[in-house]
Every structure is written in C-alpha cells, then in structure tokens.
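S.K.: Chains as they are written, first to last, in this note's numbering: chain W, 1 to 221; chain L, 1 to 221.
By construction, these hints were calculated from the structure, which means they are not laboratory data. Each residue gets a CB set at the ideal place from its N, CA and C atoms; glycine is no exception. One or more of the hints may lead you astray.
[Said to hold, decoys possible] Computed from the model, here is a short list of chain L residues facing chain W with C-beta under 8 Å: (1) Val71; (2) Pro97; (3) Leu122; (4) Asp146; (5) Lys150; (6) Lys165; (7) Ala201; (8) Asp204; (9) Gln208; (10) Tyr209; (11) Asn212; (12) Lys215; (13) Ile218.
[What the hints assert, rightly or not] Derived lysine to any residue pairs resembling SDA-like cross-links, with alpha carbons at most 25 Å apart: (14) L:Lys75 to W:Glu23; (15) L:Lys75 to W:Lys101; (16) W:Lys7 to L:Lys75; (17) L:Lys7 to W:Leu149; (18) W:Lys7 to L:Leu153; (19) L:Lys75 to W:Asp189; (20) W:Lys101 to L:Asp13; (21) W:Lys75 to L:Lys75; (22) W:Lys101 to L:Lys7; (23) W:Lys7 to L:Lys28.
2 protein chains.
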Amino acid sequence: MEYIDLKECILADNAGVADQVRELARSKGFFLWNIMSSPGAGKTTFILSAIERLSKEFKIGVIEGDIESTVDAEKMQRCGVPTVQLRTGGDCHLDAPMIMKALERLPLEELDIVIIENIGNLVCPAEFDLGADLPSMLLSVPEGDDKALKYPLMFSVCKALVVTKIDCAQLFDFNFEALALNTRRLNPDLKIFKVSAKEGAGMDEFCQYLSNEVKEKIKRG
Amino acid sequence: MEYIDLKECILADNAGVADQVRELARSKGFFLWNIMSSPGAGKTTFILSAIERLSKEFKIGVIEGDIESTVDAEKMQRCGVPTVQLRTGGDCHLDAPMIMKALERLPLEELDIVIIENIGNLVCPAEFDLGADLPSMLLSVPEGDDKALKYPLMFSVCKALVVTKIDCAQLFDFNFEALALNTRRLNPDLKIFKVSAKEGAGMDEFCQYLSNEVKEKIKRG
C-alpha cells in the first residue's frame, strides 16, 4: 500500500516557498510581520494604530487576508499605505505562495515593513510558515486567559503576543498571571505586551519593540 | 490528466455519515444541537447556563470538541451531564465520523438533547454537516457586528445565532441593526437571540425557543 500524507506534502511545499519569501525580504531589505488572531480580536484597529506611530519612522505596506470582503483593506487604503487584498474564497489561512503573489504587487524597494493581517483563526494559520521575521498574535481580553491551553501551536510559533482590549480587563476578570504561566510552558521566549488600541495604552511600548526589531534586521543586512 | 478534488471527496464522505447521524438521532429520539463560534465567544459558559435551565425538562448529554485540553469537558462533568471529550489533535473542526464515534459512548436511550461544543473557529466547522437538528453559532459582542461580511458561510448554515456578552454592548459600540442587516442578506430565516450567559439576560427566551424545537421534533417522531 502506498501511503501519502497530504498534509505533510502541503507543509513541505509551503516551507520551500517560505524560504524564498525570507530571501526576498532579505534582498529587498524589508521586515515581514505576520499578525494572527481569532476573528474580532482587533487586528485591524491594532494595525491602524501601529501604522500611525510607525509611519513616522518607516515606510509600510499591508497584505490583507480575508475569506470574503474587502472592508479591512479599504480601511488600510484610506490611511494611505500600499495595500494588497488576498481573498482566499474559503481557505481558513494564508500560505507562503499567497504571500509571494501579494509581495509581487507591492513597491518593495520603497518599503521598510510589510504587515500581513492573517485570516481570523487560532488554528490553521499557525501551521503555515509565511517567511515572516516576526510571527505574532493578538489575544483580546474578552476571549479569556485560557486560550494557550486550547490552541497551543499558535502560542508556540509566535515571537510576540499582544493582549488587546485591556481597557475592559476588569469586566472580564482576565488573569494576566494565568496567561503568562500557560504561555511560559509552551514558549518561554514569548514577548507579551498589553495594549488598548482604541485608547492608545501600551501602543508606544509595543511600537518601540517593533522599531528595534526592524533596525536590528537592517543592521544585520 | 486525472483531477481529484480532495475537498469534494472529504465533504461527500462526511455528508454520508451526517445522514447516518440524523437517522440515529431519529431512531433513538434525541435532538442534536451543534454550537459553533470563534475562540472565546463564550460557548462553555453559555452551555452551562443553558443546561441549568433545560435540565429541569430534558436529559442532556454533551460532546466536547477540542484540539487539546479537557478543561471544558471537566466543567461539564462537574455539572453532572454525561460528557464525551473529542480531542482532534490539530484538526480545526469536528466532522460527522467524529460525532458518530462520540455518540456511541453516550447513553442515547436516556437522552433528549445532545449538545456539541465545536472547535473555536468561524471557518471550517461551517463546511462540515454533523447531522444536527440545530446548527447554531455564538457571536460575542467584543468580536464586532461585521463578522457576517467576513465569515459568510458560517452565518449561512446556521438556523440560530446567539449574540453573547450583551452586558458589554455599550463598551464596544455593537450595532445590532447592522448585524441583522448583514445576516438577513445571507440567511433571511436566521433566528437571532441576545444573551448574557454570565448575568442570565435573554437565557430564558433562548431556552424556550430550544425547548419548542425539541418538542416539535419529538412530536414529528
């Protein structure tokens, strides 16, 4: 009997293209930042707030992943950043070949940072390496502090975790220590930030971290 | 060239087993209720609150779907209902064969309602018919009122939509009219409920609806 593990084949193909994306980002000198989360964790609001701060220092482009609709990409366009909309038409994650296609449509020579807003999903996006310098995730306070127990792969593959909507932490009895404890077991190096993109709290600290990461990459060349 | 649409094959196989689940539910006389949502929308809290009310009238069993962890199933056990934990070990949705396996472990002769707590994901679970009498979804207020635009299949396949965490609607500027408008286009028959499982608001109305659905099924035989 021949046994073909289709998932393994798909992930192996994806890994090859992710390496090409990494090489492209190195040669063109841009920093690729992948942002994952559940639906409604506040990715778009967070990205708009980050762009407002980071664009004083860097030129930014955006890749918007959506199953359907272009509402988020339209918001990005309105704030003046070059934006590519990827419509998966059913697929629940972005993969490296999709990112390669999107990068071809962006003015890479001019850009310092390319932000990927992934599909709202804590499962499959974690399996697909996109070649990003910074794989990251948002977790919103209303989702609860126990999500690392339930979606361990996502919390394992990210370098940064941004807890969003902290302005309503009291209302939801969110336990930051429990979150830190649960994530530390999976990923001891994970950097954890707390923000309210709506009110601005914590955004400067996060953007300072990101700015340092981008500059370090530029220095390494 | 041979062309095999793997997705189509998987969904066709699933549909066959979903029909077997439906026939089993008819012959044993139980009502199968599938609950889907994003991670952290409040499925477990909502189910515990519903069981508290419905168990005065019905015998209830629960199938808990999780990628990892048994924290939710333990909560169900503690409230005294027969519970089966399905651990997918990576898969981002439940399918009909998994439900068939779980049903074999439940005392079906004694049960009136079997509740399925699906994996937290607004994408893939919508594609898999589980043979449920009531496919339903929760949408929590903090996720926002625009989710039907982004995850249209989920809002199309459900018969009931329960908006949860309404106690914090003011804080998040949640527009119920926008939600109703967006869902009506996709699914004009969708029943929409508003609840706060934590505070109890709206739970009696929802449970009255569910009780009627169960009794109608029993009457039909």
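S.K.: Decide if the proposed pair is consistent with the structure: Lys7 of chain W and Leu153 of chain L, CA atoms, cutoff 25 Å inclusive.
M.R.: holds (24 Å)
S.K.: Please check whether Asp146 of chain L passes as an interface residue: C-beta within 8 Å of a C-beta belonging to chain W.
M.R.: holds (7 Å)
S.K.: With the threshold set at 25 Å, check whether the alpha-carbon distance from Lys75 of chain L to Asp189 of chain W stays at or below it.
M.R.: violated (31 Å)
S.K.: Do the numbers back the hint for Lys165 of chain L, that is, is its least Cβ distance to chain W under 8 Å?
M.R.: holds (7 Å)
S.K.: Measuring from the C-beta of Ala201 of chain L to each C-beta in chain W, is the shortest one below 8 Å?
M.R.: At about 15 Å, which exceeds the 8 Å cut-off, the nearest Cβ of chain W leaves the hint on Ala201 of chain L violated.
S.K.: Is the straight-line distance between the alpha-carbon of Lys7 of chain W and that of Lys75 of chain L 25 Å or less?
M.R.: violated (33 Å)
S.K.: Taken at face value, is the distance from the CA of Lys28 of chain L to the CA of Lys7 of chain W at most 25 Å?
M.R.: violated (37 Å)
S.K.: Do the alpha carbons of Lys101 of chain W and Asp13 of chain L lie within 25 Å of each other, as the hint requires?
M.R.: Judged against 25 Å, a Cα distance of about 33 Å means the pair is violated.
S.K.: Can you verify the interface hint for Leu122 of chain L: is its Cβ closer than 8 Å to any Cβ in chain W?
M.R.: Status holds, d = 5 Å.
S.K.: Hint validation: Lys150 of chain L versus chain W, beta carbon distance must be below 8 Å. Holds or violated?
M.R.: holds (5 Å)
S.K.: Assess, step by step, whether the Cα of Lys75 of chain L is no farther than 25 Å from the Cα of Glu23 of chain W, and give holds or violated.
M.R.: At roughly 48 Å apart (the allowed maximum being 25 Å), Glu23 of chain W and Lys75 of chain L break the hint.
S.K.: Is the hinted pair Lys75 of chain L and Lys101 of chain W satisfied, with a Cα-Cα distance of at most 25 Å?
M.R.: violated (45 Å)
The structure fails to meet hints 2, 7, 8, 9, 10, 11, 12, 13, 14, 15, 16, 17, 19, 20, 21, 23 from the earlier list, while all remaining hints are met.
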